[in-house]
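Q: Going down the list, the sequences are from chains A and B.
If you want this note's numbering, it's the position in the first sequence, counting the first as 1, plus 61.
If you want this note's numbering, it's the position in the second sequence, counting the first as 1, plus 61.
Some clues are possibly wrong.
Just so you know, same-sequence chains aren't split out, so a pair can sit in one copy or run between any two.
As a list, the in silico DSSO-like pairs of lysine-lysine whose alpha-carbon atoms are at most 27 Å apart [as the list claims (entries may be wrong)]:
#	residue 1	residue 2
1	231	154
2	217	293
3	239	293
4	97	154
5	251	293
6	217	154
No lab work stands behind these hints: they were computed from the structure.
Protein chains: 2
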Amino acid sequence: MNNEHSTLSFMPYTYEFPRPSITVDCVVFGLDREHKLKILLIQRNLEPFKGEWALPGGFVRIDETLEAAALRELREETGIETVFLEQLYTFGKLDRDPRERVITVAYYALVNLWEYQIRAATDASDAAWFTVDALPSLAFDHDRIVQTALKRLQGKLRYEPIGFELLPEKFTLFQLQKLYETVLGQELDKRNFRKKILNMNLLIALDEFQQDVSHRAARLYQFDRLQYEQLKEKGFNFEI
Amino acid sequence: MNNEHSTLSFMPYTYEFPRPSITVDCVVFGLDREHKLKILLIQRNLEPFKGEWALPGGFVRIDETLEAAALRELREETGIETVFLEQLYTFGKLDRDPRERVITVAYYALVNLWEYQIRAATDASDAAWFTVDALPSLAFDHDRIVQTALKRLQGKLRYEPIGFELLPEKFTLFQLQKLYETVLGQELDKRNFRKKILNMNLLIALDEFQQDVSHRAARLYQFDRLQYEQLKEKGFNFEI
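Chain A with its partners taken away, still in its complex shape (with noise of 0.2 Å):
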């Protein structure tokens, strides 16, 4: 294998059978501090789909795993260095891309907006971030990968304290609940959801206090992954 393809223009690599192309694809998931969920996006400088919002991502090379894919291509086109990143699925629909057959692999990831500023695109003409019930219409298959997405973080906040990821260190417990209604997409009874997710033991409560609010302030927590990782052994549940 040739780790210099990308200098070597039209250099020709022959198969006896045709190869489709792998790309990866990436739903990067935001909550911002109106407890909004948002997806970042990227607008397509190239054709097909030249102009159009898309999810960002790109050609997965010769020599590099998929998550190392993925991540370059976040970094390339959004600027994002470090997130929270799991697979998601891998779409291989026949006519996904006009141009020829591309199989994607899908990641998703979950960045913390309270402390972590999205630079500027670099790769691509501009990146934004839009509300996932107000989604621009997006390129190839997009909108299902995010659909997929979407449902994968709804499943996985019942049984893994994924959402911990997307809050910063310290929080309140309305932040909290904010959350999971955002994501869940459905109100929560306040003192139904606090006795449960006390009950978990997983947080604990910090002699800190929110600052520069007009209300009341609310005592800070902070997620346990140590006690976590020993309830997880046991098929933790984390539904609320």
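Once you've looked at the hints, dock chain B against the given chain A.
A: Then chain B, alone, in the frame of chain A:
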């Protein structure tokens, strides 16, 4: 694209950048009559790893979807026609195949061994069922794929009634408990298990009983798919 590539030898396909090969691999689970969890393996009749045991699978054709490729390989190598099949994970480590870069999209399948007899292998040297805790060493990274599939099965059993795919259509509560115990790898309290499973209102108690048993014939039950579809909308939890 050429639909006849498999009949034309030495037809070259040329690309500007090197491309990986794409394969599918299937972890087929079955529960035998002694309530042992088994996996279907094939013995490779080609290099690399010739003569060694591996998951059924093979190269994805340019004109077939990933799922179609998985079903075709299952049929060709093991004779299995219709199964519950879901995508598991895509494995893309650089050195997982000694020949070249090969990315594999893994699937897992659930087969009802009570009602379904697996034919002998056709495309492979041999095919056989192995108990999950006594597997031979496997070709490629198939050990890792099997472990990933096992974890997925264990996890899914907690929030989807996926286990019913492994049982006959009509089953006893004893069989259902054995299934959970086998997959989760732990003994469950009989009284507690029955109480929980019956409280879910997902079983239809039949006016039928086991036949041809030496002990007292137990009542047969059926899984209530309609009821489950309704409960699922609300975020149903199948915790045992």
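Q: None of the hints should be skipped; say for each whether it holds.
A: Going down the list of hints, with the structure as the test:
With identical chains, the CA atoms of residue 231 and residue 154 are never at most 27 Å apart, being 43 Å at best within one copy and 36 Å at best between copies. When the C-alpha separation of residue 217 and residue 293 is checked against a cutoff of 27 Å, the pair qualifies both within a copy, at 13 Å, and between copies, at 14 Å. Proximity of residue 239 to residue 293 under the C-alpha cut-off of 27 Å is found in both arrangements, the shortest distances being 24 Å within a copy and 23 Å between copies. In this assembly of identical chains, the alpha carbons of residue 97 and residue 154 never lie at most 27 Å apart, being 32 Å within a copy and 36 Å across copies at closest.
In this assembly of identical chains, residue 251 and residue 293 lie within 27 Å of each other by CA distance both inside one copy and across copies; the values are 26 Å within and 23 Å between. In this assembly of identical chains, the alpha carbons of residue 217 and residue 154 lie at most 27 Å apart whether taken from the same copy (25 Å) or from different copies (25 Å).
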